[in-house]
Every structure is written in C-alpha cells, then in structure tokens.
Amino acid sequence: MFQHHRLNSEITLFQKIKNLDYILLVSVILLSVLSLFVMYSTDGGEILFHTKNHFVKLSVFFPLMIFIALFNIKFWHNFSYIIYLIVILLLIYVSFFGIKSSGSQRWMDLYLFVLQPSELMKVAIIMCLAKYFHRIKIENVNSFSSITILLSIIIIPIIFVISQPDLGTSILIALSGLIILWLGGIKIKYFIYSFITFLISLPFIISFLKPYQKLRILTFLDPDRDPLGAGYQIIQSKIAIGSGGLNGKGFLKGTQSYLDFLPEKHTDFIFTLFSEEFGFIGSVGLLILYSIIIFRIVRIGAISRSNFARLFCFGYAFAIFIYIVVNLSMVLGLLPIVGSPLPIMSYGGSSMLATMIGFGIVLSAKINHKQMIA
Amino acid sequence: MIKSNSGIRKTDVINRRMFLIGAAKVVVLVGIIARLFSLQINENKKYLTLSDKNRIREWRLPPVRGNIVDYFGNVIAGNLKVYQLHIIPEQVENFNYLLVRLKILLNLSEKRIARINKLKAELKPWDSIIVSENLSWSQFVKINNYLYDLVGVKPVMTISRNYPFNDVYTHVLGYVSQPNEQEILENETIQERFVPGMKIGKLGLERRLENHLIGTNAIQRYEVNAYGKRINQLEHQKGEQGSKIRLTVDTEIQKACGELLNEEAGSISVMDIYTGDIIAMYSSPSYNPNLFLFGISQDEWQLIRNNPLKPLINKTLSGLYSPGSTIKPIVALSALENKVIDTKFKVKCTGKMELYGQTFHCWKEKGHGWVSLKNAMKQSCDTYFYEVSRLLGVDRLNITAEKFGLGKKVLGDYFDTEKKGLFPNTKWKKNNLGKGWVLGETLITGIGQGYIQTTPLQLCMMTAQIANGGFTIKPKIIVDSNPISYEDAKQSMESGLLFDTDSEELLDKKLFKNQQNIKIVQEAMFASTNERFGTSYKSRIDDPKYQFAGKTGTAQVKRISKRERELDLELEQIPYKDRDHALYIAYGPYVNPRYALSIIVEHGGSGSKAAAPIAKKLFKLIIDRHDLRNKQSNFERITI
Chain U
1 MFQHHRLNSE
11 ITLFQKIKNL
21 DYILLVSVIL
31 LSVLSLFVMY
41 STDGGEILFH
51 TKNHFVKLSV
61 FFPLMIFIAL
71 FNIKFWHNFS
81 YIIYLIVILL
91 LIYVSFFGIK
101 SSGSQRWMDL
111 YLFVLQPSEL
121 MKVAIIMCLA
131 KYFHRIKIEN
141 VNSFSSITIL
151 LSIIIIPIIF
161 VISQPDLGTS
171 ILIALSGLII
181 LWLGGIKIKY
191 FIYSFITFLI
201 SLPFIISFLK
211 PYQKLRILTF
221 LDPDRDPLGA
231 GYQIIQSKIA
241 IGSGGLNGKG
251 FLKGTQSYLD
261 FLPEKHTDFI
271 FTLFSEEFGF
281 IGSVGLLILY
291 SIIIFRIVRI
301 GAISRSNFAR
311 LFCFGYAFAI
321 FIYIVVNLSM
331 VLGLLPIVGS
341 PLPIMSYGGS
351 SMLATMIGFG
361 IVLSAKINHK
371 QMIA
Chain W
375 MIKSNSGIRK
385 TDVINRRMFL
395 IGAAKVVVLV
405 GIIARLFSLQ
415 INENKKYLTL
425 SDKNRIREWR
435 LPPVRGNIVD
445 YFGNVIAGNL
455 KVYQLHIIPE
465 QVENFNYLLV
475 RLKILLNLSE
485 KRIARINKLK
495 AELKPWDSII
505 VSENLSWSQF
515 VKINNYLYDL
525 VGVKPVMTIS
535 RNYPFNDVYT
545 HVLGYVSQPN
555 EQEILENETI
565 QERFVPGMKI
575 GKLGLERRLE
585 NHLIGTNAIQ
595 RYEVNAYGKR
605 INQLEHQKGE
615 QGSKIRLTVD
625 TEIQKACGEL
635 LNEEAGSISV
645 MDIYTGDIIA
655 MYSSPSYNPN
665 LFLFGISQDE
675 WQLIRNNPLK
685 PLINKTLSGL
695 YSPGSTIKPI
705 VALSALENKV
715 IDTKFKVKCT
725 GKMELYGQTF
735 HCWKEKGHGW
745 VSLKNAMKQS
755 CDTYFYEVSR
765 LLGVDRLNIT
775 AEKFGLGKKV
785 LGDYFDTEKK
795 GLFPNTKWKK
805 NNLGKGWVLG
815 ETLITGIGQG
825 YIQTTPLQLC
835 MMTAQIANGG
845 FTIKPKIIVD
855 SNPISYEDAK
865 QSMESGLLFD
875 TDSEELLDKK
885 LFKNQQNIKI
895 VQEAMFASTN
905 ERFGTSYKSR
915 IDDPKYQFAG
925 KTGTAQVKRI
935 SKRERELDLE
945 LEQIPYKDRD
955 HALYIAYGPY
965 VNPRYALSII
975 VEHGGSGSKA
985 AAPIAKKLFK
995 LIIDRHDLRN
1005 KQSNFERITI
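Keeping their order, the protein sequence lines are chains U and W. For the first sequence, the working numbering begins at 1 and goes up steadily by one. For the second sequence, the working numbering begins at 375 and goes up steadily by one.
Hints listed in this document are in silico derivations from the structure and should not be mistaken for laboratory results. Check the hints yourself; a few may be wrong.
[As the list claims (entries may be wrong)] Which residues of chain W face chain U? A few of them, derived with a C-beta cut under 7 Å, are:
{"#": "1", "residue": "R383"}
{"#": "2", "residue": "M392"}
{"#": "3", "residue": "V404"}
{"#": "4", "residue": "I406"}
{"#": "5", "residue": "L413"}
{"#": "6", "residue": "E417"}
{"#": "7", "residue": "N418"}
{"#": "8", "residue": "R429"}
{"#": "9", "residue": "A600"}
[Unchecked claim] Straight-line alpha carbon distances no greater than 27 Å define the calculated DSSO-like cross-link-like pairs of lysine-lysine that follow:
{"#": "10", "chain 1": "U", "residue 1": "K238", "chain 2": "W", "residue 2": "K399"}
{"#": "11", "chain 1": "U", "residue 1": "K238", "chain 2": "W", "residue 2": "K983"}
{"#": "12", "chain 1": "W", "residue 1": "K576", "chain 2": "W", "residue 2": "K612"}
{"#": "13", "chain 1": "U", "residue 1": "K238", "chain 2": "U", "residue 2": "K253"}
{"#": "14", "chain 1": "U", "residue 1": "K253", "chain 2": "W", "residue 2": "K809"}
{"#": "15", "chain 1": "W", "residue 1": "K420", "chain 2": "U", "residue 2": "K253"}
{"#": "16", "chain 1": "U", "residue 1": "K187", "chain 2": "W", "residue 2": "K793"}
{"#": "17", "chain 1": "W", "residue 1": "K603", "chain 2": "U", "residue 2": "K238"}
{"#": "18", "chain 1": "U", "residue 1": "K238", "chain 2": "W", "residue 2": "K419"}
{"#": "19", "chain 1": "W", "residue 1": "K603", "chain 2": "U", "residue 2": "K253"}
{"#": "20", "chain 1": "W", "residue 1": "K809", "chain 2": "W", "residue 2": "K793"}
{"#": "21", "chain 1": "U", "residue 1": "K253", "chain 2": "W", "residue 2": "K427"}
{"#": "22", "chain 1": "W", "residue 1": "K427", "chain 2": "U", "residue 2": "K238"}
{"#": "23", "chain 1": "W", "residue 1": "K932", "chain 2": "W", "residue 2": "K951"}
{"#": "24", "chain 1": "W", "residue 1": "K919", "chain 2": "W", "residue 2": "K983"}
{"#": "25", "chain 1": "W", "residue 1": "K399", "chain 2": "U", "residue 2": "K189"}
{"#": "26", "chain 1": "U", "residue 1": "K187", "chain 2": "U", "residue 2": "K210"}
[As the list claims (entries may be wrong)] Where chain U lies over chain W, by a calculated footprint (3+ residues, C-beta under 8 Å):
{"#": "27", "stretch": "589 to 599"}
{"#": "28", "stretch": "941 to 949"}
Nothing here was measured: the structure is a model prediction, and the numbers come from that model. The beta-carbon is built from N, C-alpha and C at its ideal position, and this holds for glycine as well.
Next comes chain W alone, as it looks inside the complex (with noise of 0.2 Å):
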C-alpha cells in the first residue's frame, strides 16, 4: 500500500505540473498565432509589396524616336529595322566551336572576338551577348541558314535610327549616337527614359528637338527567380514614338544644293521671302550620319575629321565670311533712304580712290568711268560704293544693315553653332578694340570687306527681305502648328505690323522709309543678272517664268599685295588657302518673287564664274517646285 501511495502521489505531481505545462503552452501557442497574425495580416501589403519587388522585374526598351519629314512629309530620319545577333552563353554547348563558325559566317575580326570573350566573362550566363549590332540581310539569312548549327545563337530583330538620305540632311538633322554621362546628366528627360544601347540626338535638331523626339520606353516585366533569371514575361507595356517633326525643307532641292556643290567647301541656303520657310540649308562637304549609329571606325573619324574641307563644321550657320559685294544692295539702300543719294548721282572711276594717302582700288583696273547707282550695282564698281559709304557713314549703314538681320542669329536657339556675326559702327570698335574708327574702315566696308562677317543664311534672309518689299521675316526650318500661306504672310507684311507670338510685342514689319529704295536697288540687281555689262549676266534665265535677280560677291581671304595685283594670276595658279571666297546672293522669279537663296564656294574664285552659274541650275528646279510646294502647305499640321 506504501507503494501504491507513493505512486498515487507521484502522478499527482505529475498531472499538477502538467496542468501548469500545459497553460503554458496555449500561452505560447497564442503568441505565435498573434505573431502570425501580425505579419499575414497586419503586415501583408508591405510583404507583398516586398515579394513583388523580389520577384519582378522591369527591362526597360530603348524609346522609338520620332520620325523627321521634309515638307513634302518624305522620312529624313526615320527609324530602321536591324537585324543583330546575339549569344546566349547559357544555351551554348561549345562556346569556342560557335566562336570560330560565327567568325567564318560574319567575317569578325580577332578584336571583335575578344571583346566578346571579355563579354561572356563578365556577363550572367543569361545575358545576351549582342555580336553584331546591324547584320546586312545576306548576314542575317545566313545565320538563319545555319541556325541548327549555332546552339545559343539569337538573331533579333530590333529599330535604330536611320538617315534615307544618308548626307544630304547632315548639317540640318545632326546625328544620334549613344550618350556620355554628362549628357545624361544634363537632360532630365534623357536620365529618365536612359537604358544601355539607347541613342541620343548629338548634334543639330537631333540634339534640339531631343525632347520632342526622345519618346517613351516600352516596358517588359518579367518575374525572376532569386538569381535574376527570367522565367516569364508577365506584360508588355508599349512604348510611345516620340513627337513626328515636319520641317520646311524640300529634299529635292536639298538634293540638287548637295550635287551642285559637288563635294566643294561652302553652302547654298534657300528661303521663302514671305513665310521665312528655308527651303534648302546645305553645307559642302557632307558626311554620313548613318557612320555614327553603330559606333564610327577610328579610320572614317579621322578622314572627316582631318578634311581640309572641314566637312563637320556647318558652314551655313557658323560659317563666317566676308559678303564682298553682295553687301552692295544694303549700302545702296541704305545711302537712298538717308537721302545722301538718288538715282541721278553719278561717281568717275578711275580705277582706284586715293584717301588720305592710302590706294583704295576697284575690282577693274581701267575704271568704270561715270557710274550711277544701276551701273555700279550691275558692274559691281567698287569705287561708286567707297564713295557712297564715305558719303553714307558706318553707323547708318550699320543700322540698315542690322534691321536686314545682318550681325543676329537667323534661326535663334535652334542650332548650337549658329554665329551671330559682325556688322561693325564705330561704337562697336571703341568697346571691342580701343580704337577710334578710320574713314577708310568704312570704305571697306562698303564693299564687304573688313570686320565686317556674315553667315550664308544671313545673307540670304537679307535677299529675301529686299526681295520680298522690305519687310521682316521670321526664318523658320519647323512647321509649326498654324503654318501662314504665302498670301497671308504677304498681306500681313504689306499692313505694316504683326504681333510677334515669340517675343510678344508688335514688330514693325517695314524696313523701309521709302518702298521706292526698295524698288530701286530690286531693280540695279536685276540689272546686274538681266543686263548686258551685268556681273552676272551670264548666269541669267531669260525665260520671265524663271528669271531672276542677283547680285554676285568676291570676298577676298587675304590683302592684295601690289605685286600680285600686278600678276593678275589666273585662279589655279594661286595656292588654295589664298582664293577668294565666290557669292552670289538672288532672288525670283523677278516678277512676282517667292524665293531667295545665298550661295558660297570657298575659295571658288569670282562669284560671277564659281557661285552665279550654280544659281541659274538652282532656280529652276526652285520654281518648278513651286505649285507642288504650294499644294503641300496645309499637308499636315504638327504641333511641337
């Protein structure tokens, strides 16, 4: 019975000190529940957020830009279709083997070999390893061949940038090639929308329009497992094009301005006189945009960079050049409307001027003899303007010539490289370089020579001002969202003022004080081209559908030394850094004029025999343009 009690008391225990176990244990049981509770429930969006964020994973695709078209709605810069290979190491069974298959199939170089061996080494064997960027479609086909043989092998089908019209645009377009850092940095919406392999506007109204252009990424969402790997793509977010740009320019002209300065340095811009649209904006010699979309071989940067011909410099907007003689109409006009000439004022030339002791010399050695205004513009005397500017001043022809858009940018903040020039008073050379003005300072000129420098689209804003009455227009390369026909912009300009959107104040539109001046100096120009005797008399269409009016320009590089003036050297016999500069500034047709356009030959010689004759092949594809152009004004309307 001891036994028995002992043992009685021994589970007594026990089952008390179970009891005390087992309230222990719903305790703890309740406090895991709690806990459980906490995190599914109380917490379940922050761990659901942050499963999410494990598991999900974005790739984002380079942006589609958008497409740039000319006038006529024809794709400058459009978007291409490439074909590129790439390798996935994971799926390859024997990388050297597919190595040397693809070297012999793709021609690769030992380079390209090894960057994609340095490639592989840094990559997830996941990562594609891209081979090639652009494969020619024979390449691509004959991959696809020989894809049963190339394990690991992908051929993708992807879009970069392309130029149609490979350099006749270069200048206007600029180029898109892969950003630096700074680049990123510096455009918000570029360090927003940047992925590895996207390309950026580098220069021109790629680089401008950048933000217009850039569009939106696609976006693939893929679930990954916890090394990264995709498993599979969950959606497919579509990105957006960026914004379509319709820009003033005619590609057929542009076309012509290419292979009329057939691959000499200098530049050729055409304007409508009403609407300020530019026609054509070319700059000789050109390159390929197309070299720089998939990165340019050091050889073909070196040959455009060491043209002596300085092909990447846009000649028409940064180019700076004497005007030469095609700054006469604006002396002439500007002497009339100060009244210190008519038309009945004549000037003898002998052949040179003598001021001051110093030898002021005309183009022609024998003299013009007695000259009026007609004859000295249609013969270019140089002595009839080195009196007229004496007579005139430079501050007053400075002030003409600046409201003609002379020493201001044309285009504004559209091109980066666009140089305001130089059109020099008195004032301005007291600030800039201590000295007090010369009388024979203003002689020169009045024959565009000196300080004074102008840029190709400068003068040939100029042209179209005078061509178009005498009133200011708005040069323009974009069609903007209410574009002004012809009629209209001609109607708003003969009424004097026009409230300007941009600068929102009222512009007086009239350049003149006397239309009559205007009138004056249209028509010494015609009579320059039109007339016997004229400088450019050859060049001339006698045809009233396409005849125009012109002035042609001689701008020398360097001082005329005595003894060479002596020499009269024929063109190939000086060395071709000495030549002088050919222009031609014109406008037409005479009656009824639409057009305008400056032309400049580097170092072409006499503007009469390098630059005029260019503009007679010029106008009348320009004209017959024309009606199709006119067809095209309300094509589309784009909004940027």
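Next up, chain U with everything else stripped away, as it sits in the complex (with noise of 0.2 Å):
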C-alpha cells in the first residue's frame, strides 16, 4: 500500500504521457477531425467562419485537455468545490451582466471568446458531487442533512440557468447531478417519491412555462401543427435524416443543408446534416466512436482506485451518454426540442470548453488511477 503510494505520488512526466488512454484520445482525435469534415459540409465545401473558429478552438482546447490531465487527480479532488462555486460566481455574474442574444442572457465577453457559464456547470456539478460523495460516510448519505446538502448543490445552479433562460441545460446539469446522487448511494424510494412528486406536479410545473417552452412541447406532439413556424425545424430535420438512407446523399451533397432547409446545422442540429450526408451506416458509426468513449470512461471509473475519480468518471460517462440521448432524440423527433449540443460535433466554444476540461479529468484519473485519496 505504502509502496503504491509512493509510486503515484513520484511518477515522471513520461510515465504521465505513457499512461494516457490512447484508444479514449484516438476516439476524442477521430471525433474533432470528423467535427471539422461536418463544419466543412455546413460552410457549404467551403473553409468559411464555422471551420475556422471550430478549428481553433479544437486546437486551443484538445492541449488544454492534455494539460489538465497531467495534473494529479488529488489535485482536481481538492479544487472540485472551489471550482463549483466559481462556476456559480460565473453564473451570478451572466445573470446581472451577461450578454443578451435572442431573448436570452447567458454569455460573458471574454474579449477572446464568448463563454457560456452554464456549459461548465455541467462538469463542475458532477466535480462537486463526486467530491460530496467521497468524502461522506456511507452510513450518513441518506441522512437529511445530507440529502438538504445535495439538493442545494444540485438546484442553486439551476436557478440561475433556467432564469437565463435556458431550459435545455438546466436539464442536463440536473440529470448530471441526479446520476451521481443515485451512483453514490441515495436510496431508490427517494427517487421513485420524487419521480411520483414530479408526474403529479407536472401540470403545475408546466403552466409555469414559458409560452414559447409550451409551444415546443405542443409542436413535439405534433410537429405538422405548423409546419412551416414552430414544427419546422423538427420537419425538416426528420427530412434530411430520412432521406439520407442507408449510405447517405454523400459527403457535401446533402441537399437539405446545402439548400438552408435546416435550421441551426452549425450547433444543435449538426447530427441532421452529417446524417443526411452519411446515412444508416454513417449515423450507426458514429454512434459507435461515442459508445467507444463512454465506455472508455467507465472502464476508468472502474479501475479507479478513489471513489472520487470513480463516481466523477461515472458521472460524465452517463453525462456525455444523455448529452448525445437528448441531441438525437430531439433531431428524430422523439423529443421536444431543447436547446442541446452534440460534444464536440456541434459548434459552440464553451460546450467543448467544457467537454475538453471533462475528458482531461478523466485522463489525469486514468494516468493516477491507483492514487487514493484520504
């Protein structure tokens, strides 16, 4: 035991590097440059804004990644809290002073590049959690005080991100919260009350809702409500989806996206366009480079010898996992549309930013996967 422990504590930059998961690099590698060939496709096969930036940010965020992760585990361990609450800070800071865009407030300038707090929140949450849990004893995790703890972990940010308003990640970082509450022990009849609490409130909930939130249910119901305002997007995009087939139109030749049929191809809807170009078999592929990922991540948790790197490595597994559920759900229309990426397919910098920093801690539990921590 002592003996492990001094050799974590002491291992060498070439150790490091040699400890990488390469077949979780290659993946993430083989990702970007797909990402880049699909913003290609949406600049119309033309090297334009969209390949540019994401390009850059590519090679901006893919070194910091490596970066974060030859830092030890122990290290993002001890930082979990403090970067939560900065994150939080961020998102107070949006809220008064963030820049507005389409009805929403949810950027800060950067001067650099616009971030976007709420996309760090997404792996902040599960840093924080993954902390919680591996800190508290087994015995007190149902404990009120603890569970009172773990609400107020989990909510405090979605208040401010659902007044942003951005109704889509606020999901998700309450999914990635909810997922490691459920990992790290809380009893199963909690869930199933509150799940029951929520079908009940459900109605209470939704007259809550925004009306344009409301419509996007109404059009998810039955997108030829109005086909061509609010059930467009998802129309259309079940078009190009469909009639990519079973091989697809070919690269740079899908008509949909080339003829502006769909909307937002560069961000939330970039899987319509790579569908429509690549087909079944492109689609199916593609999902296979994601599951290689996610389970790359798992198989880290597993090996992970603190529990901290175990639930974290758990967590954003589970959080790429509904990432990628909830951004095809909603292209095939078995979902309302909510506003949500595609990791590093889509555009956007803080949604890789965020992605990035992710897959880093990952990699640095996998580099000092028998480092415990106390």
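Two independent chains are provided; combine them into the complex using the hints.
So this is what it looks like as structure tokens:
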C-alpha cells in the first residue's frame, strides 16, 4: 500500500504521458477531425467562418485537455468545491452583466471568445458531487442534512440557468447531478417518491413554462400543427435524416443543409447534416465512436482506486451519454426541441471547453488510477 | 480498517448502480438506433420524396403554338422571337438610377415606371420584372450597347405569336391573348398547361383549334434553396410545338380581296365548286390581330370598337343580308324543277304589279315588256319573278333554297359566330310570328327581300352548287388528312351518292330532278354577265379563259317610300345608312368552271355598279392561280 502511494505520487512526466488512455485519445481525435469535416460541409464546402473557428477551438482546447490530464487527480479533488463555487459566481455575474442574445442572457464576453458558464457547470456539478460522496461516510448518505446539502448543490445552479432562460442546459445539469446522487447511494425509494411527486406536479410546472416552451412541447407532440412555424425545424430535420438512407447522399451533397432547409445546422442540428450525408451506416458509426468514448471513461472509473475518480468518471460518462441521447432524440423527433449540443461535433466554444475539461480530468484519473485520496 | 471497509462498501454500491445504468444505456442506445433505422431505412423513400419536393421546383414555360399555313404552305399565323427586357431586382445596385436610365433609353411612360415599382414591391428580389414585353430591334441593340451601365438588367429572347399578314386573315384566324379565368376553367387542356404569360386563342380558328394548336409546356427543373431562390438548373425538358394546321385559303387571293374592298364595309368569299375548299373569306374592314398580343391600348381598342363599319364582325359568316336579286337563280331553278315554268314561259313587265290592292314595283320603272326566263334573269326583271314565285309558292321555293344551303350553317361548328340565316316558309311564319303567310310576302321573297336573310358564304356556296351542275358540296377551310382532288370530287358528284364521314349517312349529292334545269339557270346567269343589256355586262371578261357568269343583287335596307321612288336620288344624296347593299354572285370560267364567289359591299348602291366590277378584277387572279393550286394539292397532308 505504501509502495503504491510512493509510486503514484512520484510519477514522471514521461510515465504520465505513457499512461494516457490512447483509445480514448484517438477516439476524441477522430471525433474532432470528423467534426471539422462536417463543419466544412455546413459552410457549403468551403473553409469559412465556422470551420475556421471550430478548428481554432479544437487546437486550443485539445492541448488544454492534455494539460489538465497532467495534474494529479488529487489536485482536481482538492479544487472541486472551489471550481464549483467559481462557476456559481460566473453564473451570478452572467445573470447581471451577461450578453443578451435572442431573448436570453447566458454569455459573458472574454474578449477572445464568448463563454457560457452554464456549460462549465455541467462538469463542475459532477466534480462537486463526486467530491461530496467521496468524503461522506456511506452511513450518512441518506441523512436529512446530507440530502439537503446535495439538493442545494443541484438546485442553486439550476435556478440561475433556468432564469437565463435555458431549459435545456438546466435539465442536463439536473440529470448529471441526479445520476451522481444515484451512484452515491441515495435510496431508490427517494428517487421513486421524487419521480411520483414530479409527475403529480407536472401540470403545475407546465403552467409556469414560458409560452415558447409550451409551444415546443405542443410542436413535439404534433409537428404538422404548424409546418412552417414551430414545427418547421423538426419536420425538416426528419426529412434530412430520413432522406439520407443507408449510405447517405454523400459528403457535401446533403441537399437539405446545402439549400438552407436545416435550421441551426452548425449547432444543435449538426447530426441532421451528418446523417443526411453519411446515412444510417455513418450515423451508427458515429454512435459506435461515442460508445467507445463512453465505455473507455466507464472503464477508467472502474479501475480507479479513489471513489472521487470513480464517481467522476461514471458521472461524466453518463453525462456525455445523456447529451448525446437528448440531442439525437430531439433531432429524431423523439423529444421536444430543447437546446442541447452534441459533444465535440456541435459548433460552440463553451460546450467544447467543458467537454475537453471533462476528458482532461478523466485522463488525469487514468494516469493516476492507483492514486488513493484520503 | 473501518474507514477502508466503508470505502469498499461505497465502491460496491457505486459499481452495482453503475452496472444498472450501463444496462439502461444499452437499451436507450438500441432505441435510438431503431429510430434511425425506421427513418433512414424503412421510411427512406418517403423522406427522399419530401426532400426532393423541398429542393426541386419546376418552372413551366408557355407552350409554343402550332403554325397555321395557307394552302401553299405560307405561314399565316406563326411564332416570332421577341426581345424582352427583364430586371432582376437583387442584382440591381441602384434601382432608381436604373429606372431613370431605362426611361430615357426606352421612352417609358410614367405609368409604366409606377407599374415597375409596384411589381418590385410585390415580387421576390430574385424574380424578374418584365420592363418591356416587346422591344424593337433598335431598342434591343441600344440596351445591349449600354448594358455595362445597366446592372441587373437582362435582355431576354422569347417566342410570341405573330400574324405576318397583319389584318388579312383576322376574321379567319382570330387572335391570341391572355386568357381570363373563365376561359381557363372551361378548357381542360388550357387549365393543364396554363402558365402566366401564356396566350390562348380568343376568336376564330385560333380559338376553335386551341387543343390542336396549343403545344406542350417546356419544363425547367431547378434546385431551390429554403427561400425559393433558384440555385442551379437540373434539367430542361423541351416542350412540343402545337400541331401545324393547313388551311385551304390562298393568301394572294385573300390579300386581293382586302385591297378590292378597300376599307369599305363588305365581304368577299371564294370557293372551289367541286371540293368545297374556301379559297378566300375576307370581311372588311379588318383590324390588325398583332395589336392584341401584348395587350391592346385602350385608345386602339376604342378605335376598333367604335368604328361604324364594324370591323369586329366577321361579315362573311355573321353578316345577315337580304340576298336581293342574287336569289333569282334559285327561284328560277325551283320553278323549273317544279314544272311551274319552262324556257318559253313569258311575263309582261309593265314596271309594276298589282296584287290585292298592293303595288309591287320592278326596279325598271318603264318595265321590261314581255320577258322569258333568260331575259328576266339577264335584266333582273322583278315583275317576272313576282309572277313566277306567285305561281310557285313560298314552300316549294323554300325546299329548293334549303337544298342549296340557305338557312343552314355553311362551316358547321368551326366558327362560333357563324349565323344560319333564314329562308322563310308558311310554317315558319306561323310558328315564329303566329300569323298566316300572305301572298305578297311570297312575291318579295322571290326577289330576295322580306324575311329572307343570308350570309355571304351561303350565297357563295349556293352559287358553287349551281356552278358544279347541281351537286352538294361540303365547304371546308382546313385541309383534311385525305384531301380530295377536284377530279375525284367531280366524279363522285356525278355518281350521285356519297358516304358522308361526319354524319355517317349517304348523302344525296344530286340537288336536282332534271340536270337540264341547272343548265338553263347557268345559261341565264351567263347571259346576265356576257350578253348586251345584262346587268353585269360592263364587268364581263371576253377572254374565254377568264369568262364568268354571275348575277347582281341590290338589297334594300329600308322600305322605299313613294316620294323617294319619284325622286330617284343619286347614291351620294342618300344617307350612308339608307343606301342599298350591293351584291354579286358569280362562277367561272364559264366553260369547265372551278370557282364561285360572292361579293357584298354594304351600302354600296347597286350590285352592278359596286359589286360586279370587283368580280371582274378578282376573277383574273383566281383563274391565274388555278394551275399553281392544282400543283399544290398534294403538298402536305396534315391530320387534325
């Protein structure tokens, strides 16, 4: 035990690099290259604004991921609460001084790029909760004070995000938080009770929704209700995906996107373009790539000695999974339209930054998987 | 150790719960893939169709109408390349500057400029605005010279209907123009092929043969973006030009008819007496159908509409006239056929005839003395025909007249506006006027006055059937798939019976009981033109090659009062509206005849002075073109 401790704390840079998870790394690189090609297609087969910016972001955030990985997982454990608090402060800052755009106030101007703190919260909340469960004794997990603290950790950021307003991100933050609660050992009955309470209060919640949010739900239930208005996105998205067929229409040949029928094709609807051009085979291939990434993260969690690393990896793997599922269900018409990007593929700096930070911490856990944290 | 135990227990909980989540993830992932499969594989066709519907839009171009040619193949209704000027607003840098430039270059009116501005506001920026539908060549060249300065302007070449002979064929062909809503709804073919800017036949053969002439749309398929802007052309499907139609008419003769009538109100019809081919059919005055192609101006339209000589009426088919003395050949024939008279039968003309206290005047106040049929016809003695028709009776006369085509449409359904005219009998009067027939009415019917109404084409056909020896002909203006040569037509006539393909029955070709009677009438008509004292003697041609036989007619348009009769006014002294119509029917050459004609000059005065001289001028041309026409008989056979 002591031996291990000594070995891990005195690991050299060379060994660290050697210990990186190369399957995960290669998958992320593959995904990044793929995302560049798709971005090139959204620009109509030219290297324009989106492709250039996406490339710049990848080339900044990918090294950042490696940089984060080189820190000991213990370091990230120690700073988890502080990181969480910093992101909370950023959310507070945004709610007062943030940039307004199309009716919501989510962003802060960092001169070089515009940051959306709610995206960072997706990772921060997992770190914070992982640390909490790491430290608390299993006997105390279901105590009243523990549950109160846990719920507060989840609800405080959500209040800020939902008031931006940004329903999509707040749901994703909540889901990421809840999954850690589940993994950490909160009793199943509490989940069941909460779920029943949620169902009962659903009509009440709906009455609090903004008109456009209600419209989205109605549109989801029946997209043909208003084919040129609210239902336009989902109808066109389904047409694009459906017309892709088995092999797709070919790279740069997606007529739906090329001819501007697809809305927000750079961001939330990027999968639509991908699927139109590369078809069922391409789409399943992309899902397999994502599955490999998720599986690798889960594996890293499973071999980690510390429960912090384990919880973070499991939680983060689930978060990535849920982003993908929500995004795909949305473009496939299985869920109402809520703004949620597809990790790495979608255009958007904050989302990519948060994803890369998450990967960085996962890689740090891999390098230091034998590290015990007191 | 307790701590470490607790740590292990915690790890177990985490791992166990992670396993459950892992299982859930697989289920969800399978669900997503199933959905992808259903969209991309199962419903691929449906979405592919929807995607194409999204991106491909068809632009149909107006079909190109079929040409109409005359008997000699000259195009009389064709298509012309026209130069148009379009503006594409999104390409224009400074719209107002452009309009100012165009205004100067093309001399555009303020109204036109306002219209362009209105269109610009209504249309999408990439839709072109038509500035000018029909640029002259010089305008087109001018625009092309200044094109560097006119950003966003596109000179376009397109196809438009064109009538190269202007007003010569207006009443035969009609004209084309933009259809109104009702016209689109009425005709399924038009409905199917309609595109804005398309023109359809409004009148005449253009209207009647619409479904043959119309042609099919050319289709251009474009890929469009979500906003409807054309991105690139995918396909161009050529349209088919409408069927070509060959008419029986001869442009040279038709043109000559127009020149001879010289803007006076009237009509000339010329017909082949064996085949029934209409050689010419001119109604005067005419108007230029090309005016209607690009929208006639209000001023021009009013000028045509308000012309007292009524250019809008096709007088050949729709003009109803008392035939006057031109009916006399039929009266004579009917009397001969019914054995009421013979060539020796004579009547003494004293200038008038008294009947039940009513006086019936002969045109010659002093009277003609004792006249036989030949003399009566030659000098057009009214008294003789009063007496003959009194003996014959109107009902027997009616039978003969209807046999020869009076009171019936000549061309059937080809012209909507064709009138049937009227040849009265006692039954007709009882049914329609509710009164009994009066003998006096028989007398005036015998000189072509009273209830009787004929169209110029009916008179032409009647003359043709006398000329060919008394056989039925079926007049036609379109060359059918199986044109009959005149020898065949002549032979089939003489055989007496002919199977009519239209009515599917055997037609009795013979209109006579004794062909000798026809001869007698022919000889009388010959005398009227070629013997001294004949009413059209002055208009005769002595050369046997061109020699023709005819009959003049002068139709009263109002009852002549006793005072007027005594005054015996010159033509110029009578108000235009009250002047008699001048008529003339003729056929020739007298030996081996081929053509018959009828001429009417409205309010022209007497037939011998106003109408017969026209025949003299026309006959030479008609006969001279006979050989050419014969050579053309197999020129082209077109089925419609």
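Exercise. Regarding the pair K238 (chain U) and K399 (chain W), is the alpha-carbon distance no greater than 27 Å?
Worked result: holds, 23 Å
Problem set entry | Hint consistency between K603 (chain W) and K238 (chain U) [alpha-carbon to alpha-carbon, up to 27 Å] | holds, 22 Å
Exercise. K576 (chain W) and K612 (chain W): Cα distance at most 27 Å?
Worked result: Cα-Cα ~26 Å, so holds.
Exercise. For the pair supplied as a hint, K932 (chain W) and K951 (chain W), is the alpha-carbon distance within the 27 Å limit?
Worked result: holds, 9 Å
Problem set entry | Closest C-beta approach of L413 (chain W) to chain U relative to 7 Å, hint status | holds, 4 Å
Problem set entry | Given pair status - K793 (chain W), K187 (chain U), alpha carbons within 27 Å | violated, 101 Å
Exercise. Would the pair K253 (chain U) and K427 (chain W) pass a check requiring their Cα atoms to be no farther apart than 27 Å?
Worked result: Holds - the C-alpha atoms of K427 (chain W) and K253 (chain U) are around 16 Å apart, at most 27 Å.
Exercise. Against chain U, with CB atoms and a cut of 7 Å, does the hint on R429 (chain W) hold up?
Worked result: Check passed: Cβ of R429 (chain W) comes within 5 Å of chain U, closer than 7 Å.
Problem set entry | Given hint K983 (chain W) paired with K919 (chain W) - CA-CA distance at most 27 Å | holds, 23 Å
For this session: With a cut-off of 27 Å on the C-alpha distance, tell me whether K603 (chain W) and K253 (chain U) pass.
Result: holds, 18 Å
Exercise. Holds or violated: I406 (chain W) as interface residue toward chain U, Cβ cutoff 7 Å?
Worked result: With a closest approach of 5 Å, the I406 (chain W) hint holds.
Exercise. Between K427 (chain W) and K238 (chain U), does the CA-CA distance stay at or below 27 Å?
Worked result: holds, 14 Å
The structure does not agree with the numbered hints 3, 11, 14, 16, 26 and 28 stated previously, though it agrees with the rest.
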